[in-house]
Amino acid sequence: MAKGLQGFLWTMLLLFCAIQELGTWAMHTAVEGPGLGEPGDPALLAGGRVKRGWVWNQFFVVEEYTGTEPLYVGKIHSDSDEGDGSIKYTISGEGAGTIFLIDEITGDIHATERLDREQKTFYTLRAQARDRQTDQLLEPESEFIIKVQDINDSEPRFLEGPYIGSVAELSPIGTSVMQVMASDADDPTYGSSARVVYSVLEGEQHFTVDSKTGVIRTAVADLDRETQDRYEVVIRATDMAGQLGGLSGSTTVTIVVTDVNDNPPRFPQKMYQFSIVETAPVGTAIGRVKAEDSDVGENTDMTYQVKDEEGVEMFKVTTDSNTQEAVITVQKPLDYESKRVHTVVVEALNKFVDPRFVDLGTFRDQTIVRVSVLDVDEPPEFRPPSNLMEVQEDAHVGSIVGVVTALDPDTANHPVRYAIDRSTDAERIFDIDAKTGAIVTGKVLDRETAGWHNITVLAMEADNHSQVSRASLRIRILDVNDNPPELATPYEASVCEDAKPGQLIQTISVVDRDEPQSGHRFYFTLAPEATNNHHFSLLDIQVLVLLILTLKRHHKSHLTSEDDEDMRDNVIKYNDEGGGEQDTEAYDMSALRSLYDFSEIKAGDGGGGPGEGGPGRNPASELHALPQWVQSPDLDFSVFRDYICRKVEQADEDLSVPPYDSFQTYAFEGSDSPVPSLSSINTWSSGSEQDFSYLGGWGPRFRQLAALYAGRRGEEDGEES
Numbered sequence: 000m001a002k003g004l005q006g007f008l009w010t011m012l013l014l015f016c017a018i019q020e021l022g023t024w025a026m027h028t029a030v031e032g033p034g035l036g037e038p039g040d041p042a043l044l045a046g047g048r049v050k051r052g053w054v055w056n057q058f059f060v061v062e063e064y065t066g067t068e069p070l071y072v073g074k075i076h077s078d079s080d081e082g083d084g085s086i087k088y089t090i091s092g093e094g095a096g097t098i099f100l101i102d103e104i105t106g107d108i109h110a111t112e113r114l115d116r117e118q119k120t121f122y123t124l125r126a127q128a129r130d131r132q133t134d135q136l137l138e139p140e141s142e143f144i145i146k147v148q149d150i151n152d153s154e155p156r157f158l159e160g161p162y163i164g165s166v167a168e169l170s171p172i173g174t175s176v177m178q179v180m181a182s183d184a185d186d187p188t189y190g191s192s193a194r195v196v197y198s199v200l201e202g203e204q205h206f207t208v209d210s211k212t213g214v215i216r217t218a219v220a221d222l223d224r225e226t227q228d229r230y231e232v233v234i235r236a237t238d239m240a241g242q243l244g245g246l247s248g249s250t251t252v253t254i255v256v257t258d259v260n261d262n263p264p265r266f267p268q269k270m271y272q273f274s275i276v277e278t279a280p281v282g283t284a285i286g287r288v289k290a291e292d293s294d295v296g297e298n299t300d301m302t303y304q305v306k307d308e309e310g311v312e313m314f315k316v317t318t319d320s321n322t323q324e325a326v327i328t329v330q331k332p333l334d335y336e337s338k339r340v341h342t343v344v345v346e347a348l349n350k351f352v353d354p355r356f357v358d359l360g361t362f363r364d365q366t367i368v369r370v371s372v373l374d375v376d377e378p379p380e381f382r383p384p385s386n387l388m389e390v391q392e393d394a395h396v397g398s399i400v401g402v403v404t405a406l407d408p409d410t411a412n413h414p415v416r417y418a419i420d421r422s423t424d425a426e427r428i429f430d431i432d433a434k435t436g437a438i439v440t441g442k443v444l445d446r447e448t449a450g451w452h453n454i455t456v457l458a459m460e461a462d463n464h465s466q467v468s469r470a471s472l473r474i475r476i477l478d479v480n481d482n483p484p485e486l487a488t489p490y491e492a493s494v495c496e497d498a499k500p501g502q503l504i505q506t507i508s509v510v511d512r513d514e515p516q517s518g519h520r521f522y523f524t525l526a527p528e529a530t531n532n533h534h535f536s537l538l539d540i541q542v543l544v545l546l547i548l549t550l551k552r553h554h555k556s557h558l559t560s561e562d563d564e565d566m567r568d569n570v571i572k573y574n575d576e577g578g579g580e581q582d583t584e585a586y587d588m589s590a591l592r593s594l595y596d597f598s599e600i601k602a603g604d605g606g607g608g609p610g611e612g613g614p615g616r617n618p619a620s621e622l623h624a625l626p627q628w629v630q631s632p633d634l635d636f637s638v639f640r641d642y643i644c645r646k647v648e649q650a651d652e653d654l655s656v657p658p659y660d661s662f663q664t665y666a667f668e669g670s671d672s673p674v675p676s677l678s679s680i681n682t683w684s685s686g687s688e689q690d691f692s693y694l695g696g697w698g699p700r701f702r703q704l705a706a707l708y709a710g711r712r713g714e715e716d717g718e719e720s
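FYI, in numbering that gives the first Met the number 0 the residues of the sequence shown are 0 to 720.
The set of hints was computed from the structure by calculation and includes no laboratory data. Among the clues, some could well be false.
As the list claims (entries may be wrong) - Using C-beta positions, here's what the derived DEER-type ranges look like:
{"#": "1", "residue 1": "397", "residue 2": "332", "range": "35 to 45 Å"}
{"#": "2", "residue 1": "226", "residue 2": "113", "range": "16 to 26 Å"}
{"#": "3", "residue 1": "320", "residue 2": "653", "range": "52 to 62 Å"}
{"#": "4", "residue 1": "322", "residue 2": "433", "range": "51 to 61 Å"}
{"#": "5", "residue 1": "421", "residue 2": "268", "range": "54 to 64 Å"}
Beta carbons: idealized from backbone N, C-alpha and C, even for Gly.
Please take these sequences and the hints and turn them into a complete structure.
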């Protein structure tokens, strides 16, 4: 009785669902399947009317049936069934004979297993009506569907979890954090079994969730990462649109609060103390300080700087990028005797400041660092640090060259003793007084041998010789005129026997080993034993270094026949062959271009040398007797002086060459002469056509030369006549 009632109730539920879902179905359906209405078919009646065939209902079966009896699904029936049991009903297809069974006589179909719509929503079967005796089809085979009717048996599920979201601290209310989504396996087209709504089970004080979309948002504006950096929020999803009796599922959402730069740096202490020895070299690290910051990541990156003037001068602050510490180093040498304690103001500020939070206060802080300088026993210091002294080369042994002074910089101020590093003065040319530091000559000096001396002076504490300082000292030997002029090289001159009077035979150079202060001035005369030689004369142009030996007038006697035959008498000896016009190593005649420097003669220098041309002579009268071209006021010899001065400087700097007064440089030709040449080489006239009478106006020095040429002119005139 109970089982029959239960089956009846399920049948009524099935009918109710079918009516709700599909409405009322026709109880009798004319089936016109394949084979129906074909010619010769006994089902065709007169007038062409088709005989009724299958009669049945659309089949539905409710899922998750939990009864003990088979669940009635529906009934198939044929119009030809007279109820005598002659027709046998069978089914084939999905689940036929296993899930679904049919009563062969009545056509009733039952489900024998519990169905799940979420696994399979419908089954397709085919029905047959056969003659029980012959097993022949009485009706064409027809297909029908058994649909599994949904019930709310699946709760919403969050399939994409676990969920982790983030939101910046101090975000405004309503800031979106993330979205969650739940799925319901029930039929979304039937009823509200799959209609899901969302709500917050835990964490509703700080977050909300949109009931339809599942978007989680902030509920407060004062989320503080430094107070709490993460929240666990439980979100619930309920089907049946949240109505009573709906199923629900939940998930936990982890929300991380990210950092913003809302906290300034702060030093844990307002004062730090360090100490360092006074001899610490520049760049030595004194200590480290660090400002704390409650933020994280790049929001804690620091920049440090020294704020006071004294600290900026003496110390330097850098940032350790790994630890964000301030490293304080020495920037200028320390001195215990000058200042024993230094006070440094160090400021820390955030490297990246968020302009949105500047109103929260200043994002920097300061602290005081006291640096104590420790005393160290230091070696003496030379004062003043001058390293140049001078002494004349004729100074007597024991003469004072100069005095060096060194003091102990320590507070104890120990006495200082001096010495010379003999590795720099092995010959002991100088000595030093151990107590006073006076440097004296120890040997006779000679500038021409050594013009400079470099020595090292030691200063040490009297009771502790390990505390020693060194100072380099340069001593310049000043020149005195203690060397006579010398011929630059041995000279040997030759002259042809038919040389003309006044012909240049030899130019002589001299050297002086002394150092000229304003240029050497040499004066030349013939030696006493040569003054009686009437064949040669000497031309001394006072200020100049060139000597000209000129041939006096003489009469040439005709050679005998023996002399004509002996050609050896005509051989001329040359000690220097030279190299022709391209030779710049032997004779360079450009030295003759500066023979006359009359600017100094005009200044009143009359020579003053011995012999002819002494102080009593009038330079002005001699000047106007010289060749006309040297008297031009437009001539400028500065180019020669500059060139020679440069050569002098080069020679002075090169210790491997002899003194410059033995140098002769001929590398510059100069400019063209403003007057025609006195030479007859380029003229068409012969020597007999030239007039040398102007030589008489050259002054007393050239009187003999003028007489020679005047006499020669007279002889030539006599021969022509």
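For which of the previously enumerated hints does the structure constitute a violation, in increasing order of number?
-> 2
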